[in-house]
Amino acid sequence: MKQLLKYSLKRLGKSVITLFIVVSIVFLFMRLMPEEGYFGQGYEKLELVQREAILTNLGLNDPWYIQLEHFYKGLAKGDLGTSITYRPQVAVSEIISSKILYSLYFGLGALVISLIAGISSGILMARSKNKFWDKLGNGYIVFINAVPAAVYYLFVQLYATDIFNLPILFNKSDPLSFILPVLSMSLGPTAGYAMWMRRYMVDELNKDYIKLARAKGLSNKAIMKKHVLRNAFVPMAQYLPASILYTIVGSIYIESLYSIPGMGGLLVDTIQRQDNPVVQALVLIYASVGIIGLFLGDMLMAGFDPRINLEKQGGTR
Amino acid sequence: MSDTKLNKSIDNIDPSLFDFASYDDNMAEKTGYSNYSYWQSTFQVFLKNKVALALLILIIVLVSYTILQQYLPNQKSPTKIYNDVTTGIQIRNHAPSKEFWFGTNSIGQDLWARIWGGTRTSLQIGLLVGIWQAVIGITIGCIWGYVRALDGIITEIYNVLDNIPNTIVMVLLAYILRPSIVTLVIAMCFTNWLSMARFVRNQIIIIRDREYNLASRCLGTPARRIITKNLLPYLVSVIMLQLALAIPMAIGSEVFLTYIGLGLPLDTPSLGNLINEGRIIMMSPSLRYQLIFPAVVLSVITISFYVIGNTFADASDPRNHV
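Residue numbers (our numbering), protein chains in the order written: chain A, 18 to 334; chain B, 59 to 380.
Be careful, since some hints might not be right.
[To be verified] Each pair of labels, with its calculated beta carbon distance range:
| no. | chain 1 | residue 1 | chain 2 | residue 2 | range |
| --- | --- | --- | --- | --- | --- |
| 1 | B | Leu324 | A | Asn237 | 54 to 64 angstroms |
| 2 | B | Ser99 | A | Leu183 | 20 to 30 angstroms |
| 3 | B | Ala153 | A | Leu49 | 30 to 40 angstroms |
| 4 | A | Lys242 | B | Arg377 | 23 to 33 angstroms |
| 5 | A | Val129 | B | Ser99 | 19 to 29 angstroms |
| 6 | B | Ser99 | A | Leu49 | 34 to 44 angstroms |
| 7 | A | Asn188 | B | Asp220 | 22 to 32 angstroms |
[To be verified] Among chain B residues calculated to face chain A with C-beta under 8 angstroms, some are:
| no. | residue |
| --- | --- |
| 8 | Asn84 |
| 9 | Ala86 |
| 10 | Asn217 |
| 11 | Ala302 |
| 12 | Ile309 |
| 13 | Phe314 |
| 14 | Ile333 |
| 15 | Met340 |
| 16 | Ser342 |
| 17 | Leu345 |
| 18 | Ile361 |
| 19 | Val365 |
[What the hints assert, rightly or not] Straight-line alpha carbon distances no greater than 20 angstroms define the calculated PhoX-like cross-link-like pairs of lysine-lysine that follow:
| no. | chain 1 | residue 1 | chain 2 | residue 2 |
| --- | --- | --- | --- | --- |
| 20 | A | Lys243 | A | Lys228 |
| 21 | A | Lys146 | A | Lys242 |
| 22 | A | Lys31 | A | Lys19 |
| 23 | A | Lys148 | B | Lys106 |
| 24 | A | Lys228 | A | Lys238 |
| 25 | A | Lys243 | A | Lys233 |
| 26 | B | Lys156 | B | Lys134 |
| 27 | A | Lys152 | B | Lys108 |
| 28 | A | Lys238 | A | Lys224 |
| 29 | A | Lys224 | A | Lys243 |
| 30 | B | Lys108 | B | Lys88 |
| 31 | A | Lys152 | B | Lys106 |
| 32 | B | Lys138 | A | Lys146 |
| 33 | A | Lys146 | B | Lys134 |
| 34 | A | Lys116 | A | Lys189 |
| 35 | A | Lys148 | B | Lys108 |
| 36 | A | Lys31 | A | Lys146 |
| 37 | A | Lys19 | A | Lys146 |
Quick caveat, the hints were computed from the structure, so don't treat them as lab data.
The model shown is predicted, which means the values in this text are computed figures rather than measured ones.
Glycine included, every Cβ here is placed at the ideal spot set by N, Cα and C.
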């Protein structure tokens, strides 16, 4: 236990350094953008003096290291700053908190559906290897992996709305309009889970200890439950926490196709509008989510499989 | 089994089977020699998969047609706007017909020519990005996995680069250079090798301390030789798979970049551009052909590459050779 704590602290320390570097680089990249970008449409109408006054007011005329210092001082106090161009004068935390729940709910809904559908169809495929269901499932996996998401999302929206008479755009008060976005979002992950579940189960079923279990007379059901499923689930456990946390990032395609006011397009949108405080806050959040997700995944994997030792610096060298 | 039955089956055995065989020097020699060739077996296993073979032929035909189409007679230009001869008005949204095989788009350009021009652009991008990803990804992955002293530093660089949003790089590049195929390729190359490098690194870590490598090291083989002669051949099949997926991936990310408004300018047709144009007008059913045609061509290309890649990766794994 003590070892685990030491390991976690060490890893946390490293992550903080990584975060610091990432955010600083993004901060400096944003300062490389041309100044016109901060004014949007109004650039032509303003006098040079006015422009300079606005820039000075925003603190953008200071040398970069002073700006960076200001940013980290604000961050230490928990202040992410206020938006410049996306929604001027609104606090960044307010913008993000108004959007994050949409992405979270849609993402979690899609995750639950794809976990259930993906894992059960993976099991079905492994059990009927090289037969009809396996081939059908493989066809689905190939299609989803090969064709860009933008293309099949479009066709789902185009035809599913017609056939099932579902609303084409998201509407807060109409639960029917939630169905298509959640279903389309789960198409991709379902294929992923099914593919990995099948592969790990097939690998596991071919191992010697399964043959022994069968030889000593264990029923098929017991073998599946006690041995195969548990072992096949270990490698998948690593990605589970990250996928849960990543739901807050949202889906840029789905949210713009169904006009859901979520996080999906926010990063791209604010980068293009050079809204530095929002971009920095988002990069900070997304990067931390990625790092924490990976860490939790390792922990979960070690919990599922006692043979895994995270600290071992492997090998003989 | 009853006795009579047993006797009957014994009676049926050919007595010549019990003659002594004569000793043949040449035949004995043959058992000690195998004409196994790695690449030949790979192709043999690949050719056994009829679906992949059919798709391979399809993709060869498609790619050659894509390259040759612009030189064939009676083909229209992908960027020229066609006007009605009598009225002089642009032939907008003309449904597919004998003159315009796939119809025209909203400003009167020939969709057939645009689709093949777009496929050309997208394949170019996919190929360049794929080659870059393979070369840089494998090189860095090998060093990362094999040289322990560098592991910490490269892992740190990986974490940083992996967390910088690609959009920032794209937007910055768009300011520095004019948006073009080259800009797009540079921007996509900036981070796409990361996943490849990480993948190769994880594979190398798994096999780097196997006994045969340990023995090699004890005999004083330099690191470079161990990597190229001991480790990489072991990874051919998994690297093949990643490579084959690089082209559909690159086409997919071109579609994505176009979608968020960072793609190629409209005068350079690409599959991403065409799908984006089709998306804008998809709500009127009579114009849907402008989305469906490019989407079908794109899907055929990406699915073919995906299936061929998977089959080839399976075939290049010596465990699947007979």
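Which numbered hints fail: 2, 3, 5, 6, 7, 8, 9, 11, 16, 17, 30, 32, 33, 36 and 37
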